[in-house]
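Residue strings, one per chain:
Number of protein chains: 2
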Amino acid sequence: MRFKEKTVKSEVIYKGRIITVKKDDIVLPNGNSAIREVVHHSGGSAILCEMDGKILMVKQFRYPYAEELWEIPAGKLNEGESPELTAIRELEEEGGIKAKRVEKLFEIYPTPAYNDEIIRIYQAFDLEKTQKHLDEDEFLTSEWIEKEKLKDMIYSGEIKDAKTVIALLAVLDK
Amino acid sequence: MRFKEKTVKSEVIYKGRIITVKKDDIVLPNGNSAIREVVHHSGGSAILCEMDGKILMVKQFRYPYAEELWEIPAGKLNEGESPELTAIRELEEEGGIKAKRVEKLFEIYPTPAYNDEIIRIYQAFDLEKTQKHLDEDEFLTSEWIEKEKLKDMIYSGEIKDAKTVIALLAVLDK
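Going down the list, the protein sequences come from chains A and B.
Per my numbering, the first sequence starts with residue 3, numbered consecutively.
Per my numbering, the second sequence starts with residue 3, numbered consecutively.
Here chain A stands alone, though its shape is the one from the complex (with noise of 0.2 Å):
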């Protein structure tokens, strides 16, 4: 790599539920010293589930942008927890569908100036209705919704979040 950043000093400043937060020195490629703050985040998996000509997607409150957002099914990996299986977990808690095979779409990082999480999007396939099942403190709603719609949802910037707009942008007809 050409540009390769030093690490000369690394700083914990938080470490709280969902993110750690670092604050680094370090030195540039012309020799000078700069400062990088970094969000590290343990990584998640989002799932598209097509039936139908439909999609399954979900709406909760996102507290930083005090927003009710439309998004694919997605979460946190727990510890230990394999990408695939996050994947397949969620799909099933948020939206009651068992998939019995998934195939990654793509492995996204969101923000990469600042943070360094990934997000994998998968594609569930083989599917078989079951039960959601929510945590006493999670409030979603899901919704099949029509592939054209969605297309309209994009475009009319009433979907916004970002690996929910790649996962239909890869799936949606032009």
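Keep in mind that the hints are not guaranteed to be accurate.
Stated by the list, open to error - Each computed DSS-like pair below joins lysine-lysine, with the alpha-carbon atoms no more than 25 Å apart:
1. A:K100 with A:K24
2. A:K8 with B:K25
3. B:K25 with A:K17
4. B:K25 with B:K78
5. B:K134 with A:K6
6. B:K25 with A:K134
Worth flagging that the hints you see were computed from the coordinates, not collected in a lab.
On the provided structure of chain A, position chain B as indicated by the hints.
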């Protein structure tokens, strides 16, 4: 909104150069208490620029992943700067192209569970070649890449940056 979360207390944990981290006590729709960690970022703009069937891409080292990543030109909003102006400025600084007109394609939330950044993605029109002018401490290379090649780079996982994948999926043929 059915599932609104109410802020009880908001504490600034870290006020940095690029991000501010807050830890809020909230009340859930069922009356239970919870914590929300929020990374605040002032927002950014990205810009897709096409000329003669090629798209302008930049490659730079991204410290959180310790990798060089392919992205479309982008940057943080300067204080008081409109998102359109940020996009136009970054295209000229990083790519040496002046756009006389831009159109907004998307407004994206990269990781809505714990981050409030808004990334606006523009498309550049009425282009004129000028000069790149990077900051002394900014290291990146730019390259015009064929659209067909970019499709391969997305689906092979070589391009991982979320805003870039969204912008490219929107304009590349299926």
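Hints and how they fare:
{"no.": "1", "hint": "A:K100 with A:K24", "result": "violated (38 Å)"}
{"no.": "2", "hint": "A:K8 with B:K25", "result": "violated (30 Å)"}
{"no.": "3", "hint": "B:K25 with A:K17", "result": "holds (11 Å)"}
{"no.": "4", "hint": "B:K25 with B:K78", "result": "holds (23 Å)"}
{"no.": "5", "hint": "B:K134 with A:K6", "result": "holds (21 Å)"}
{"no.": "6", "hint": "B:K25 with A:K134", "result": "violated (30 Å)"}
In terms of the numbered hints stated before, the structure departs from hints 1, 2 and 6, listed from lowest to highest.
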